[in-house]
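Residue numbers (this note's numbering), protein chains in the order written: chain A, 16 to 248; chain B, 16 to 248.
Calculated from the structure, these hints are not laboratory results.
Be careful, since some hints might not be right.
The list treats identical chains as one, so a pair stands whether inside a single copy or across any two.
What the hints assert, rightly or not - Heads up, simulated EDC-like pairs for lysine to aspartate or glutamate below, C-alpha to C-alpha not over 20 Å straight-line:
#, residue 1, residue 2
1, K79, D46
2, K79, E51
3, K129, D220
There are 2 protein chains.
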Amino acid sequence: MATPSSAGTPGTRRRGGAGLSRERVVAAAIDLADAEGLDAVSMRRLATGLGVDPMSLYRYVDGKDDLLAAMVDAIVARIEPVTDAGDWRAGARATILAARATMLQHPWAAAVRKARTDPTPAELTHLDTLLGMLRDAGFDLALTHHAIHVLGSRILGFSQDLYDDGAATPEEAAATARMLATSHPRLAELAVAVSHDGALGGCDDDAEFTFALDLALEGLERRRRDAERSRSA
Amino acid sequence: MATPSSAGTPGTRRRGGAGLSRERVVAAAIDLADAEGLDAVSMRRLATGLGVDPMSLYRYVDGKDDLLAAMVDAIVARIEPVTDAGDWRAGARATILAARATMLQHPWAAAVRKARTDPTPAELTHLDTLLGMLRDAGFDLALTHHAIHVLGSRILGFSQDLYDDGAATPEEAAATARMLATSHPRLAELAVAVSHDGALGGCDDDAEFTFALDLALEGLERRRRDAERSRSA
DNA sequence: GGTGTAGGCCTATGCCGTAGGCCTACGGCG
DNA sequence: CGCCGTAGGCCTACGGCATAGGCCTACACC
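Based on the provided sequences and hints, a complete structural model is requested.
This is the structure in structure tokens:
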């Protein structure tokens, strides 16, 4: 598509067959972020990649902030909807894991999302379906509200780790542990155990995510049952 | 302190009574961030505030990144240690809430922390004491590790909300709700309920934090008992 | 043919972090 | 006393950033 001379849509009319559009700009930004990391996404770099002047982008995005928002919105919109699941827990679990699967393909998206303060449309939709599952399962409004806070950013599949853990090599872990051994014995002990050849044999981020997720869902289910019981009493 | 002419320590020797030091630089940066937000903290701005040339700061901090790390380290170091508490749950709870109380006084600190990838010394200490509580209560290494992931950044008192919630005015909430009513009914319903004059009467961030924290601690305690039981069997 | 305007381009401003070098006054030493 | 090494500042400059404001051209339509 888009041989320079064809002027199919109003848009492909300039030299060099530019033919920009908001979608093209956002898609290019996503590709750039995927390929070279979020830091590579500057208006200049992006424009260069599109063979276009930096200022031209401003016709399609309302500044860099808008661009970033559009980028995560596009990613979130790709989350596969969960078709059918059993009880609310299975549904919520599947929905959240689907979100995680999508987000993991674009590591920068989490960083952008965390830096933003208000939700994009696709995020609202995602949240709404999750809310529907809770409400349909009998969560009252108060508990639903609590649930959102309990799950927090895990709703979009973000792990909430304090550190990135780094999956250090055993040697590194051992070195760290030795360094900390006297001042921070508990930490050293754990660092060794988690290192690849330690007692725990590495740290599986996905496993930790689901462990924490299931713990949260379990707790919420208990609260739900409590509320149900006290209502019927 | 610091009359310009007195050259007590080697350091106060230049014109203008500058007398820089790493501590002074970091403290000034913290004050600046507190007063005008993190964005105001640029090397230039900071230097101006200290009555000094921007490049002079580089004698004391190893670039901006180092400065930011030093800032959060200083804040984390201010967390009040928990003296005595009953069981592990009470201890962990108190420790985490103490962290939260301190961090809440410097909203920028959470943002900086989240952006960083490796821990500062004070953070390691904080983490180590928490680990001690778990281990002393009989958590084995595997469960301790899980616990760290379950609690995640909550360990430093960060709420893990998807959005900042913003505590919008009732009018705003109502407007949002009306806008979303058809496309996102569940969300609209909840937005109204949470708004200040809705059924739930506002959203208390601290209450939500402790609700989620207690849910997590409760879940971990259950896992601990399960492990204990299966060990003794 | 004339005109309105969409869709590019160009220039310039004011930030930013920081590399590299300079200048000066002090402490220590011959 | 005079010298010098060096700590602790300063100055200049570079390359990058987001983006404001204006310009220029080619098409669409009348």
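Checking each numbered hint in turn, tell me which of them this model violates, lowest number first. none
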